[in-house]
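Enquirer: What the sequence shown shows, in our numbering, is residues 116 to 580, in sequence order.
If you are wondering where the hints come from, they were derived from the structure by calculation, not from laboratory data. The model shown is predicted, which means the values in this text are computed figures rather than measured ones. Take the hints with a grain of salt, since some may be wrong.
List time: in silico BS3-like cross-link candidates among lysine-lysine, alpha-carbon distance up to 30 Å [as the list claims (entries may be wrong)]: (1) K399 with K513; (2) K399 with K364; (3) K364 with K513; (4) K293 with K119.
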Amino acid sequence: MNTKSASDEEVNAAAEAAAAASYPYGRSAPALRARFLRLIAHGIEAAGSTLIECAARETALAEARLVGELGRTCAQLRMFADIAEANHWIDECIEAGDPARTPQPKSRIRSRFVPLGPVVVFGASNFPLAFSVAGGDTASALAVGCPVIVKAHSAHPETSALVGSVVDLAAAECALPKGVFSLLFDAGYAVGVTLVRHPRIMAGAFTGSRSGGVALWRAAQARAQPIPFFAEMSSVNPIFVFPGAAAVKGLALAAGLHASITGSAGQLCTKPGLVFVVDDAATKVWLDALGPLLSQSAPSTMLTSAIRSACQRLLDERAGIEGVRSLAQAATDRSQVGATLLGVDVDTFVRTPALHDEIFGPTSLIVHCSSANDFLRCARALEGQLTATVWAEPLELKGQDEFLWTLEQRAGRLVFNGFPTGVEVGRATVHGGPFPATTDSRFTSVGTHAFARFIRPVAYQNELS
Numbered sequence: 116m117n118t119k120s121a122s123d124e125e126v127n128a129a130a131e132a133a134a135a136a137s138y139p140y141g142r143s144a145p146a147l148r149a150r151f152l153r154l155i156a157h158g159i160e161a162a163g164s165t166l167i168e169c170a171a172r173e174t175a176l177a178e179a180r181l182v183g184e185l186g187r188t189c190a191q192l193r194m195f196a197d198i199a200e201a202n203h204w205i206d207e208c209i210e211a212g213d214p215a216r217t218p219q220p221k222s223r224i225r226s227r228f229v230p231l232g233p234v235v236v237f238g239a240s241n242f243p244l245a246f247s248v249a250g251g252d253t254a255s256a257l258a259v260g261c262p263v264i265v266k267a268h269s270a271h272p273e274t275s276a277l278v279g280s281v282v283d284l285a286a287a288e289c290a291l292p293k294g295v296f297s298l299l300f301d302a303g304y305a306v307g308v309t310l311v312r313h314p315r316i317m318a319g320a321f322t323g324s325r326s327g328g329v330a331l332w333r334a335a336q337a338r339a340q341p342i343p344f345f346a347e348m349s350s351v352n353p354i355f356v357f358p359g360a361a362a363v364k365g366l367a368l369a370a371g372l373h374a375s376i377t378g379s380a381g382q383l384c385t386k387p388g389l390v391f392v393v394d395d396a397a398t399k400v401w402l403d404a405l406g407p408l409l410s411q412s413a414p415s416t417m418l419t420s421a422i423r424s425a426c427q428r429l430l431d432e433r434a435g436i437e438g439v440r441s442l443a444q445a446a447t448d449r450s451q452v453g454a455t456l457l458g459v460d461v462d463t464f465v466r467t468p469a470l471h472d473e474i475f476g477p478t479s480l481i482v483h484c485s486s487a488n489d490f491l492r493c494a495r496a497l498e499g500q501l502t503a504t505v506w507a508e509p510l511e512l513k514g515q516d517e518f519l520w521t522l523e524q525r526a527g528r529l530v531f532n533g534f535p536t537g538v539e540v541g542r543a544t545v546h547g548g549p550f551p552a553t554t555d556s557r558f559t560s561v562g563t564h565a566f567a568r569f570i571r572p573v574a575y576q577n578e579l580s
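Using the sequences and the accompanying hints, generate a full structural model.
Expert: Structure below.
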């Protein structure tokens, strides 16, 4: 497959083909869409070793991580195949008419959900399989009858091409219209912007940086016909550690935080970038354990040199803020990045918005508070998040209703006595949150309800039989 940047003509051809496929695919049998998704999963599994070798070479992600991601990708495809086949997503509702009702006769009304039409999906840099060509965005859109155009991420073009070939073969085996799936490449941003602005595109899904997501979202809203555009972007995933938990679970905290901060070189959207603690003896013990774990970590190769440079630049800027101090620093070099732990007092944190921003990489900021009473003030200062985590003993949360309510207003998922990295894919999953975590907090990009981003309700009044 050609991985060169698509021309305007190729973008237009893909959009027109997707529009032409919208009617036949949107009205296709649920069993056919289910078969399509299951064939994609089977094809990815058959290409497993080749895909994992290619993705590891392009992204420097560990083989074990990629093996797990491949399994998640196929499980998502099969999950959405089941959803397509059951067809419950249409949520049909019928209200009987009553012509004898007075003073006005009552009309018969039937409502159901319908697919929006062609969807553009943007592959993510940090998930070359599960959030890429045949990832959850693509699977959920295809399940409800939306043709999909994927804009591959430039961090892993060969992996994207391999998966794209699998999808093409599955579409051919199901005799689906050519425009049901297309894969386009671009080393920059032009193709993505052109796709979002194209009048044939009816929705978009993006996982990536705040700057990129906001730019595409604004382009989607600036169209003559604005379209839904769901972007998952920026999150620092704060963790609040109450003193009782620090005293009882300190060593588990240190070990778990080390793994959560450094896993996948800190390049996970749910990496904890802020940890709020109360300065006491128990907290000092577990922080003293966490520091060496991080400083002795091996340096990490990041997804791209540009991502590595951005991480180092932001770390340098943060370290230069008055009141910020270094707590731990692993070895690093010009091609890799070392795990970093910084610290700051609560007052400096609250008054310094730059300390609230995400740094994509193996780093976190400890915010030292005088008591748990400071936690509410800190929670109020935060922007929207994908997750917020609380470590506490049961009695410590008595009287903390406003603090927990504030976290609920800030985050899409609340975690208790655990870590935010690792997202379960299921019916109760919420992987979303208020801006800037996403552009629309009403939806999730992971789990069975992810398809809701790509459908809308239609009512039929007094239908002719």
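Enquirer: All hints are to be evaluated individually against the structure, with a verdict given for each.
Expert: Outcome of the hint check:
For the proposed pair K399 and K513, the alpha carbon gap of about 24 Å is at most 30 Å, so the pair holds. For the hint linking K399 to K364, the alpha-carbon distance of about 13 Å falls within 30 Å, and the restraint holds. A C-alpha spacing of about 19 Å is found between K364 and K513, which places the hinted pair at or below 30 Å, so the restraint holds. The hinted pair formed by K293 and K119 meets the criterion: a straight-line CA distance of about 20 Å does not exceed 30 Å.
Checked against the numbered hints listed earlier, the structure breaks none of them; every hint is satisfied.
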